[in-house]
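Peer 1: Chains A and B, in that order, give the protein sequences. The first sequence runs 1 to 272 under full-length UniProt numbering. The second sequence runs 1 to 314 under full-length UniProt numbering.
Some hints could be false.
[Claimed, not checked] Among chain B residues calculated to face chain A with C-beta under 10 Å, some are: (1) L107; (2) L149; (3) A290; (4) F307; (5) V311.
[What the hints assert, rightly or not] Only some residues are given here: those of chain A computed to face chain B with a beta carbon under 8 Å: (6) L121; (7) A125; (8) G133; (9) G170; (10) L210; (11) A239; (12) G243.
Read the hints as simulated data drawn from the structure, not as lab findings. Every value quoted in this text rests on a predicted model; they were computed, and no experiment measured them. Note that CB positions come from ideal geometry on N, CA and C, so glycine has one too.
Each chain, written out:
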Amino acid sequence: MNRRSLSFWLGAGLVSVVVVVALLATFWTPYDPLKLDFKTRLAAPGWQHWMGTDELGRDVLSRLMRGTATSIRISLSTVFLATFFGVLIGALSGYLRGWPDRILMAINDALLAFPGLLMALGLLAVFGASTSGIIIALALAYASSVVRVVRGTVLGLRERDFVRASRVMGNSETYTLLRHVLPNCIAPVIVMATSMCGWIILAESSLSFLGLGVAPPAPTWGNMLAGSRSYVSQAAWLAIFPGLAISLALLGINLLGDALRDRLDPRMRRRV
Amino acid sequence: MWKFAATRIGMAIPTLVIVALAVFILVRLIPGDPAALMLGDSADAASLAALREQLGLNASLPTQFLVWSGHVLQGDLGQSISNRQPVAALIWERFAVSAQIVLPAVLLATLVAVPLGMLAAWRQGRLTDLALVATATLLLSLPAFWMGLLLLMFFALKLGWFPVVGFVAFGENPQQALLYLVLPITTLLLHEIGVILRMTRASTLEVLHLDYITHARAKGLSEMTVMLRHAFKSAFGPTWTLLGLILGNLLAGVAVIETVFTIPGLGRLLVDAIFARDYPLIQGCLLFIASIYVLVNLFVDLLYPIFDPRVAAS
């Protein structure tokens, strides 16, 4: 197995595990992730509780599973929103050119002038820290990168012979855009969306860690880690497992993203 | 060269204006009345109206923007609601703290990662390359706040080599200050090594395929000379751009590390301002960080022709 396929299968394997855990957690967890049990406060990992319990006696494994479901749900919704609007605006801008392109690009460049997390923090101040607030804030913060990539690709495709041919044959602009231009943007968009999944998971857990994410007691990877800070000297497992979950998810996405980029982006192919 | 610099600076000015406008609009979208927040729940209607008048909240939005921009240009970012101190002074104080973590971390990460990235590219496909890329991808995948917690648990709590949390200003006690800074800087350093190494490797590989490198090799130059004299300059260009982006991103992103190690930095100031709904402080922090981001990238672009003279020529 060469390096490219090793990276792909390892990444795909890790991502599948995370997705399966997330799906499973939506209808089953070993314990109720919110149930308090003061008799088993800060119990170390063992047969009863594989990953131990937290300061309120809640089962860490169950909370981690539910947290995985929350993180994946937020991440996928955000990536979907950012990609949908990113592709729409990027494609229109690149295809129409002229003044709509200039106006859209001026706004987009202004948005790109903000670092992603800073933008998300600013928007969260407006929308408030809630699940939908985070999704909208992160989608707005990251959509501008998709717009850039799609517009660039569309500008390149516009002048290609097969697109010109479609117009010459009398096909409408909308038909040409949908039938010939957009399908050719799929590869860069998939690569972008995969990396974006990673950025969003990291941004979401950072926001939760800062206390600006999904509000407790609902568990997320970030707020579990934030809660573990007060107990690092006595209950290391509280910090270890959620961090491990984020790292494995990110590692899987990064490996998968690299493999997809190598495979789908011809410019990158010779670098491997 | 001068024309390139003038054009690039000319492009940064409208960006800064749009950034200021975006921050101004964003803060006005935050629900709630700033005057009510400043005076508290017990305020009567008359004093609320007086404060609104004094803050200029009754004027039209364009007028408010012009007045605010005028103040910003004079370095006046208003008064913080929660701290009762001038926003500009607070930001400078906290910025100095964050810079003590971010700058050394990015500098050290560059010094380590750039040679390693070039080495990986040079040994493409061999064991060295695989090991370096695997390590970089792993480092990239560990969230900085988790890595910080792990380092804290091991080196501060278990081994007791470093103080657990807190911050001492460099001016007060340089030796103590260094001890407090080691873990936060290391945390950030490890993460950024992953990012920079991968970028340097990719751009070096791109350059190594070019004809002038084949030509240099054909002339019989040693591999060392080819890598350092010929490949390095062009290969470092994209990494140089990335460094600007990293620096800008970290000013807000460092908030998580400041939270782990309880450091009173700029990122933490912004997060606390959001919690306290301290409008002038949120506005000031957003404007300051976004402007620094634009200016750092301007600086990076202005120096870019050193690595790739074609940029200035075109």
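Peer 1: So which of the earlier hints does this model not fit?
Peer 2: 1, 4, 5, 8, 9
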